[in-house]
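> These are the residues of each chain, in order.
Number of protein chains: 2
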Amino acid sequence: MNIILSRDSQVRVMEDTVTNAEKSFGQFCSLLAAYTRKTARLRDKADQLVKQLIDFANTENPEMRATLRNFAEDLAKVQDYRQAEVERLETKVVNPLKLYGVQIKQTRAEIKKFKSVRNNEIKQLEKLEKLRQKSPSDRQTIGQAETSVQRASVDASRTSHQLEETVDTFQKQKLKDIQKIFSDFVTIEMVFHAKAVEVYSSAFQTLESYDLEKDLEDFRAKMHGVYGRYDARPPLMDTTLSPALPWSLAQSAQSTIRSQRKEAVSEDDSAEEDPVEDLRGQAQRLHQ
Amino acid sequence: MNIILSRDSQVRVMEDTVTNAEKSFGQFCSLLAAYTRKTARLRDKADQLVKQLIDFANTENPEMRATLRNFAEDLAKVQDYRQAEVERLETKVVNPLKLYGVQIKQTRAEIKKFKSVRNNEIKQLEKLEKLRQKSPSDRQTIGQAETSVQRASVDASRTSHQLEETVDTFQKQKLKDIQKIFSDFVTIEMVFHAKAVEVYSSAFQTLESYDLEKDLEDFRAKMHGVYGRYDARPPLMDTTLSPALPWSLAQSAQSTIRSQRKEAVSEDDSAEEDPVEDLRGQAQRLHQ
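Chain order of the listed sequences is A and B. Residues 1 to 288, numbered by full-length UniProt numbering, are exactly what the first sequence covers, in order. Residues 1 to 288, numbered by full-length UniProt numbering, are exactly what the second sequence covers, in order.
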């Protein structure tokens, strides 16, 4: 029975190869599909952020409005690249993994065919063995049984070689596919990240060139337009006031306050220690 | 009543500034917190993929095993950078937005204080107006009321200036914070994407240098180790076979099959049209 045992172990190795591939590719497929979905969710959140940035920009003064709109535009651009990433992952990574099921089905059918041919060979061998024991002198019947065994063996041999080729092709295709699918995955990710670095560099410039002072002047002008009617009021030095009379001495007090504020601005503008500075320098070096 | 109307509009502009900031910063905070969470989910999925890659690598032959392990290591490295991205987004983007509530509370308290001082001034003015109509000749009482109005007006004027300064400081801080928070966001993202490009470039090299042929030789050797016992079998030319005898002529047939396979391999290896090739070239150019 040594032959049957070795046949079994041959089939077992082949079945293991296919089963392991089926399991692993199935898991890779669902993991990478989930990875793609999570990427799509991240894109959705960033899209909402873009929308919120534009809404907020519209309530701000021109300088901040322009800055935030440009930033939102860049952020939207990154999401366009993320969308392309999602589509490419689906086409180049998830779909090929899904299609793997077909290939595995074919290989399984080959293995099944081989098993049935092998079983026929075993049956013929057993029949011949039986005849030899029961009627060792019946040369004609034994001769016929030997021919049947020979035919079954030729069949088994041919099928075995076919199976060997099928499994070899399967393995080769599997290895090539793994290399191709993960290379595509890496390429898709690499392209996306490279594009993101490019766009964020531009977004960084946009935010860096924002002119806070110009914006504050706009805000103060707007505020004083409102204050003007109310605050143009003297510190009430005389007691014979009439409430209908405009309080006309406040202008000087106001300009004092304004120059004080300017001092405060330049104090606050002095650079503070910033641990993110390190990262920025790093990113700029990487991008050069 | 013009003065009261302009006071109301002053307060309304201030309240609008604060309310709009509160609403917008709240929305930015929850959107960016969600963005950070989605990024963390993406990291989790990729971590699972790393684990699955290592498990699968352990079932493969040495060449593919080494390739997949190196690739898994690079993929894990990207997740480490993603983890750093998540932590930095929390510290530099989400937390500062959360802390904004405190600042807004202070500004609201200032506005409330101003409203109460303003109401006192209105009360004193109304009292004086009433006195003038009821007893226009009672100079002493009118004089006292005028002093009260004067005091209330000095109070209102001082508080109004304080409020103006508070709102100005608030606005300046708000604009600075927007610039800082989004610059930090962009910097954090930029650093992550730049690191990802770097690591994926290395992963791409790993996958490109995978030697399929070497791996297939290993696989075939393993397969033939199993086939050896079974397939070493002749096409059964003589009929006096004994099933116990080894079928010893199969070797030549096998080597034919093997050389056929080799031809198939070199045929399959010829480069096919690949749309991802474009992306690869693009990514490599970007990374140079």
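In case anyone wonders, no lab produced these hints; they're calculated from the structure. Ideal placement from N, C-alpha and C gives every residue a C-beta, glycine not left out. Do not rely on the hints blindly, as some may be mistaken.
What the hints assert, rightly or not - Far from chain A by the CB rule (all over 12 Å, computed), these chain B residues:
{"id": "1", "residue": "27"}
{"id": "2", "residue": "67"}
{"id": "3", "residue": "110"}
{"id": "4", "residue": "135"}
Unchecked claim - Simulated restraints on C-beta separations:
{"id": "5", "chain 1": "B", "residue 1": "87", "chain 2": "A", "residue 2": "217", "range": "36 to 46 Å"}
{"id": "6", "chain 1": "B", "residue 1": "127", "chain 2": "A", "residue 2": "209", "range": "46 to 56 Å"}
{"id": "7", "chain 1": "A", "residue 1": "217", "chain 2": "B", "residue 2": "141", "range": "46 to 56 Å"}
What the hints assert, rightly or not - Chain A regions said to be covered by chain B (calculated; three or more residues, Cβ under 8 Å):
{"id": "8", "stretch": "17-27"}
{"id": "9", "stretch": "31-42"}
{"id": "10", "stretch": "104-114"}
{"id": "11", "stretch": "133-145"}
{"id": "12", "stretch": "170-179"}
{"id": "13", "stretch": "186-200"}
> Now tell me, hint by hint, if it's right for this structure.
Structure-based check of each hint:
1. 27: Residue 27 of chain B is in fact no farther than 12 Å from some Cβ atom of chain A, at 5 Å.
2. 67: violated (8 Å)
3. 110: holds (14 Å)
4. 135: About 17 Å separates residue 135 of chain B from the closest Cβ of chain A, which puts it past 12 Å; holds.
5. B:87 / A:217: 36 to 46 Å: holds (38 Å)
6. B:127 / A:209: 46 to 56 Å: At roughly 55 Å between Cβ atoms, residue 209 of chain A and residue 127 of chain B fall inside 46 to 56 Å, so the hint holds.
7. A:217 / B:141: 46 to 56 Å: Because 47 Å falls inside the window, the suggested range holds.
8. 17-27: holds (count 3)
9. 31-42: holds (count 8)
10. 104-114: violated (count 0)
11. 133-145: Violated, because only 1 residues of the stretch 133-145 of chain A bring their Cβ atoms closer than 8 Å to Cβ atoms of chain B.
12. 170-179: Coverage by chain B holds here, the residue count being 6 at a Cβ distance below 8 Å.
13. 186-200: holds (count 13)
Of the numbered hints listed earlier, those contradicted by the structure are 1, 2, 10 and 11.
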